[in-house]
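Asks: Sequence:
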Amino acid sequence: MPSYSYIAVDAMGKEKKATIDAENQDKAAARLKKNGLTLISIKEVGLLEKDVKLSFGRKVKPRDLSVFCRQFVSMIEAGVTVIDALGMLEEQTENKRLSAALHEVRTEVEKGQTLSEAMGHQGEIFPEMLVNMVAAGETSGNIELSFSRMAVQFDKTAKLSGLMKKSLAYPVVLLIVAVLIVILMVVKVIPGYAATFEQAGMQLPGITRAMMSMSHVITKFWYLFVGGILLIVLGIREWRKTESGKLFFGKIAMKLPMFGKLNIKTYSSQFARTLSTLMYAGIPLIHGIDAVTKLMKNRHFQLQLQSAREEVAKGVPLSEPLRKGGLFPPMVIHMLSIGEETGDIEGMLDKLADYYDEEVEMTTQTVMAAMEPMIIVVMAIIVVILIAAIYAPMLSMYNQLGNM
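Mapping of the sequence shown onto the UniProt record's numbering: position 376 corresponds to residue 376, and the numbering continues sequentially without gaps.
Read the hints as simulated data drawn from the structure, not as lab findings. Every residue, glycine too, gets a C-beta built ideally from N, C-alpha and C. Please note that a few of the clues may not be correct.
Now the in silico label distances, taken between C-beta atoms and shown as ranges [as the list claims (entries may be wrong)]:
#: 1; residue 1: T342; residue 2: P2; range: 45 to 51 Å
#: 2; residue 1: K14; residue 2: I252; range: 50 to 56 Å
#: 3; residue 1: E358; residue 2: V182; range: 35 to 41 Å
#: 4; residue 1: T366; residue 2: Q92; range: 36 to 42 Å
Kindly produce the complete structure, drawing on both the sequences and the hints.
Replies: Put into structure tokens, the structure is as follows:
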């Protein structure tokens, strides 16, 4: 959805500069007018400008949304009105982007819009799932339950995200360090040693000559390497946006050694937790599947859920198309089938999510434990090659001196 930067004056004559998301400029202006603002200027924010602005404001993370949901519930249960609760949270929230969004939401609620409608206008801040949950809570008259469930959902999402980052952080850091060491040795250290021995009229060993050739190429054509890497990264980034790219990387994510099983367990936990949260709020299974499909980042799982949705619309139990699809683990199918038979799908999905949350944590620890010795072996091989390139000329010199 496009963003529009505007300057307006409120009823008190105070100038306000902010951005608003809307389908087009006319609708953005109409919403601002409805909120009691006199528009001075408005223009669409370009993609580059939008990215720059977002980089200066800390991104709203699941943990921020979890805190917001919990605080909102506490205030509502204490008898505070929705408008007053939004106002207090706007002042208390440290995240400036979230605070600005809460200000917009409060303004629109004061003008008569429902909370879910106002939050829906802040699509970059509040996920569609949260908006749907709030709307369901408004319909059922139990908005506190919706926010409480979403707080748990955001907590679990933050924890899973943290575990995934933790599992990747160590190998990535070591890889970067290894690359930097290799570049330093090849470009600076080895050429210095080699030059000294060449001046002495010694013939360099093959491994040292290979390193020298590599150093020469990297030093002379470094811009080609940098440009090539950038082109590859940008090309992959753009390809991932295409259907073929989504399918390719989705398959890779499921087949990667060690990480494949971890990813599948993560998808299973996300599926179970999200669907149970939506169903507890009274959202129909069909609409719940739609929402879960949008949240899934793996294209293969998205396609299977879309196919399952069509079968469920015909009256087929959800477990059947998921069983035929073959992507979800047998545990998911089994627990879901029991829930369908007992009429407690939400409860079974909750238990399933808890089970896979623990599985993800245990698998992450296993992956970390397995990767450490592998990384050490790779680093050792690199070090041995570099040491050989440095000391081979010295050994050659000693041999020549010994033969004299």
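Asks: Does each hint fit the structure? Answer for all of them.
Replies: To see whether the hints hold, each was checked on the structure:
no. : hint                     : verdict
1   : T342 to P2: 45 to 51 Å   : holds, 47 Å
2   : K14 to I252: 50 to 56 Å  : holds, 53 Å
3   : E358 to V182: 35 to 41 Å : holds, 39 Å
4   : T366 to Q92: 36 to 42 Å  : holds, 40 Å
The structure shown violates none of the earlier numbered hints.
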